[in-house]
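Trainee: Residue strings, one per chain:
Protein chains: 2
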Amino acid sequence: MMASDIHHRTEDFRKIYRSALSDLKEVMGTSHDVLLFAASGTGAMDATVSNLFSKGDKVIVCCAGKFGERWVDIAKAYGLDATVLSAPYGEVITPAQVEAALAQEPATKGVFVQASETSTGAAHDVEAMGRAIARTGAIFVVDAITGLGTMPLDIDGWGLDVLIGGSQKAFMIPPGLAFMSISPKAWKFSETATLPHFYFNLKKEKKSGDAGESSWTPATSLILALAEALRYVKQLGMPNLIENAQLLARGTRAAVQALGLELFSPGSPGSSVTAVKAPAGMDSGVIVKEFRNRFGAIIANGQGSMKGQIFRIAHLGYFDFADLFAVIAGLEIILHANGHPVKFGTGVAAVEEIYSSVAVKPKTVSV
Amino acid sequence: MMASDIHHRTEDFRKIYRSALSDLKEVMGTSHDVLLFAASGTGAMDATVSNLFSKGDKVIVCCAGKFGERWVDIAKAYGLDATVLSAPYGEVITPAQVEAALAQEPATKGVFVQASETSTGAAHDVEAMGRAIARTGAIFVVDAITGLGTMPLDIDGWGLDVLIGGSQKAFMIPPGLAFMSISPKAWKFSETATLPHFYFNLKKEKKSGDAGESSWTPATSLILALAEALRYVKQLGMPNLIENAQLLARGTRAAVQALGLELFSPGSPGSSVTAVKAPAGMDSGVIVKEFRNRFGAIIANGQGSMKGQIFRIAHLGYFDFADLFAVIAGLEIILHANGHPVKFGTGVAAVEEIYSSVAVKPKTVSV
Numbered sequence: 001m002m003a004s005d006i007h008h009r010t011e012d013f014r015k016i017y018r019s020a021l022s023d024l025k026e027v028m029g030t031s032h033d034v035l036l037f038a039a040s041g042t043g044a045m046d047a048t049v050s051n052l053f054s055k056g057d058k059v060i061v062c063c064a065g066k067f068g069e070r071w072v073d074i075a076k077a078y079g080l081d082a083t084v085l086s087a088p089y090g091e092v093i094t095p096a097q098v099e100a101a102l103a104q105e106p107a108t109k110g111v112f113v114q115a116s117e118t119s120t121g122a123a124h125d126v127e128a129m130g131r132a133i134a135r136t137g138a139i140f141v142v143d144a145i146t147g148l149g150t151m152p153l154d155i156d157g158w159g160l161d162v163l164i165g166g167s168q169k170a171f172m173i174p175p176g177l178a179f180m181s182i183s184p185k186a187w188k189f190s191e192t193a194t195l196p197h198f199y200f201n202l203k204k205e206k207k208s209g210d211a212g213e214s215s216w217t218p219a220t221s222l223i224l225a226l227a228e229a230l231r232y233v234k235q236l237g238m239p240n241l242i243e244n245a246q247l248l249a250r251g252t253r254a255a256v257q258a259l260g261l262e263l264f265s266p267g268s269p270g271s272s273v274t275a276v277k278a279p280a281g282m283d284s285g286v287i288v289k290e291f292r293n294r295f296g297a298i299i300a301n302g303q304g305s306m307k308g309q310i311f312r313i314a315h316l317g318y319f320d321f322a323d324l325f326a327v328i329a330g331l332e333i334i335l336h337a338n339g340h341p342v343k344f345g346t347g348v349a350a351v352e353e354i355y356s357s358v359a360v361k362p363k364t365v366s367v
Numbered sequence: 001m002m003a004s005d006i007h008h009r010t011e012d013f014r015k016i017y018r019s020a021l022s023d024l025k026e027v028m029g030t031s032h033d034v035l036l037f038a039a040s041g042t043g044a045m046d047a048t049v050s051n052l053f054s055k056g057d058k059v060i061v062c063c064a065g066k067f068g069e070r071w072v073d074i075a076k077a078y079g080l081d082a083t084v085l086s087a088p089y090g091e092v093i094t095p096a097q098v099e100a101a102l103a104q105e106p107a108t109k110g111v112f113v114q115a116s117e118t119s120t121g122a123a124h125d126v127e128a129m130g131r132a133i134a135r136t137g138a139i140f141v142v143d144a145i146t147g148l149g150t151m152p153l154d155i156d157g158w159g160l161d162v163l164i165g166g167s168q169k170a171f172m173i174p175p176g177l178a179f180m181s182i183s184p185k186a187w188k189f190s191e192t193a194t195l196p197h198f199y200f201n202l203k204k205e206k207k208s209g210d211a212g213e214s215s216w217t218p219a220t221s222l223i224l225a226l227a228e229a230l231r232y233v234k235q236l237g238m239p240n241l242i243e244n245a246q247l248l249a250r251g252t253r254a255a256v257q258a259l260g261l262e263l264f265s266p267g268s269p270g271s272s273v274t275a276v277k278a279p280a281g282m283d284s285g286v287i288v289k290e291f292r293n294r295f296g297a298i299i300a301n302g303q304g305s306m307k308g309q310i311f312r313i314a315h316l317g318y319f320d321f322a323d324l325f326a327v328i329a330g331l332e333i334i335l336h337a338n339g340h341p342v343k344f345g346t347g348v349a350a351v352e353e354i355y356s357s358v359a360v361k362p363k364t365v366s367v
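Sequence lines, in order, name chains A and B. 1 is the number of the first residue of the first sequence in my numbering; add one for each residue after it. 1 is the number of the first residue of the second sequence in my numbering; add one for each residue after it.
Where hints are given, some of them may not hold.
[What the hints assert, rightly or not] Facing chain A, according to a computed beta carbon distance under 8 Å, are these residues of chain B, among others:
(1) H7
(2) S40
(3) I74
(4) G79
(5) T83
(6) A107
(7) P175
(8) A193
(9) P196
(10) F198
(11) W216
(12) T217
(13) A297
(14) I298
[As the list claims (entries may be wrong)] Using 27 Å as the maximum straight-line C-alpha spacing, the simulated DSSO-like pairs for lysine-lysine come out as follows:
(15) A/K25 - A/K55
(16) B/K207 - A/K203
(17) B/K206 - B/K15
(18) B/K207 - A/K289
(19) A/K234 - A/K206
(20) A/K206 - B/K66
(21) A/K58 - A/K204
(22) A/K277 - A/K15
(23) B/K203 - B/K76
(24) A/K55 - B/K15
(25) A/K204 - B/K76
(26) B/K289 - B/K307
(27) B/K76 - A/K203
(28) B/K204 - B/K188
(29) B/K289 - A/K76
(30) A/K15 - B/K307
(31) A/K277 - A/K289
(32) B/K58 - A/K55
(33) A/K76 - B/K206
Hints in this document: simulated from the structure, not taken from any laboratory. These numbers come from a predicted model, not from an experiment. Every residue gets a Cβ at the ideal spot worked out from N, C-alpha and C, and that includes glycine.
Isolated chain A (complex conformation) (with noise of 0.2 Å):
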């Protein structure tokens, strides 16, 4: 990031942008092509429905969480027919509910998820789902801002034909790029979709992007630390970088456990956060704010209805076995000076026991 801006129309920067674009392919271990927007995510979310399908297209939306419900109204404000599948916060749609809605509408062009619902810390089966939507003519679109880098996503063999991501999550940059991978099956949406766009124009983006260039204004600086963190993360691999956010999740779930916390979302192991329900009695906010306030650490409070009842410890990027012991000593320390009892020494034990138990370490992101 500190790195001095470049003009975007000049062969130095064509030469960046597309080691990015070939980077991320390559990190993201797809055969598909790779596009990128400057936009938040959610950008790319929407550039998916506008570009591939058209008013009153039938689609499913696995909706667990605040970003289902973000699928929800991109569904809606597109006008398309979307059967809502719900499950309450903290648990996940099975795949075999999304095989059900499938066959009752064999006319479904596109079934949508979170692979990791950031809002509730669950995670998605998109293997199974994705091998049953492979057997269908719809695609399969996942959102997995946070869920790439931190859960192994097997794009190509799953039949993910969407898979979109974020800067500022597992790549450890700063929030303002999206970028998505989509398959020869999505591609051929986009032959036959009528929803209108402009900024976001996925086949104009394809043919820029082989041209080294971006349709529009590339933002730059982002796209050079784009291109730092990707250089870190190929050095790294990608399966270190994912077994290390794994490790440090079931850390976090061992550690909450032996404190007496209960877990949000038990039934999703290895997701990029864990949702931990707060002391019956003690608002989670109060947890949040202490962290900032003692520690100068941020974790996440829950969102929406969620406020005040989970807190939330992310393991992407960045995040190492360093971090989540001060973290969860941090946590004791805040527990027992709001009155939950706590025998310190507790959670940090829990976690150096999965750390003990792993024979071989994932290179870590220590820097």
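Based on the hints, put chain B in the right spot on chain A.
Mentor: Only chain B this time, still in chain A's reference frame:
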């Protein structure tokens, strides 16, 4: 840009976001609402059409170059019924042409224009156009991505209903942020407009902005940079920033004419960019390339059919007289080396004359 990144759902960030919006409003000198988007300027152009118009709406597009063509493409993408007023590259659409087109089609709902058409260096008389449009039911939509901060723009006084800007021009920070001001007359259009949209949602963005937030994840690093740039522009004074750009434009025009070159847009003295015809028999790409190779300086080639015919020198943001002296001296050397007769110092002298003719220099942007 080098400040550490900040989480966007914190009171600290809300404070910065609010102050960026209010400073933006102040330097734009308008009472209208101001909205910010994580996108390049084209995103705000798209947002205007998809939020304020309906399919089949009659509109007038002033097209005098590549960015005018972008308005034509957007109108087409969204199914507007556009009357296109076209001027050859280097020339402008006149207010009289707009008035005549409005008289011919009283049901016109919008007029689209570039304040400064960056591809040719042409500047439109948006004051006269705005006053004429204000008397009709149409709204006036002005792409001022390069115009803002380089030419006087009285948003409220001239009836500029929607005025669009981008981060990377006069505000001197990297691309990736777009913004717009929107008048009460334009807001009314949002009540009846029916085109679908999601990521770009003016009403939602207004509501979020009032709460110190963006609707979707904001490009935090760019917002921090914008806040800093705006503090600086306020300190400098927007009229000084504009006067500086206008003086540089005058100096550039005087210099290239003194060197026997021909202006591409002689009728647009106050544009944010000066476009110059390459000497007969010389490819303008040679001049662009030698600026880069000899001096590490970037000037622009013509775009589209103008490539090889013209070169363009910008004068916005951090450009100062010291830069201009260097650029013109460099131009003299490059022209001379490529067989165009030059008496060294002639162009620079013309800039010095302009500089000396101004009794009170505007505070310049040197830091």
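Trainee: Quick check: which numbered hints come out false for this structure?
Mentor: 5, 6, 8, 13, 15, 16, 22, 24 and 29
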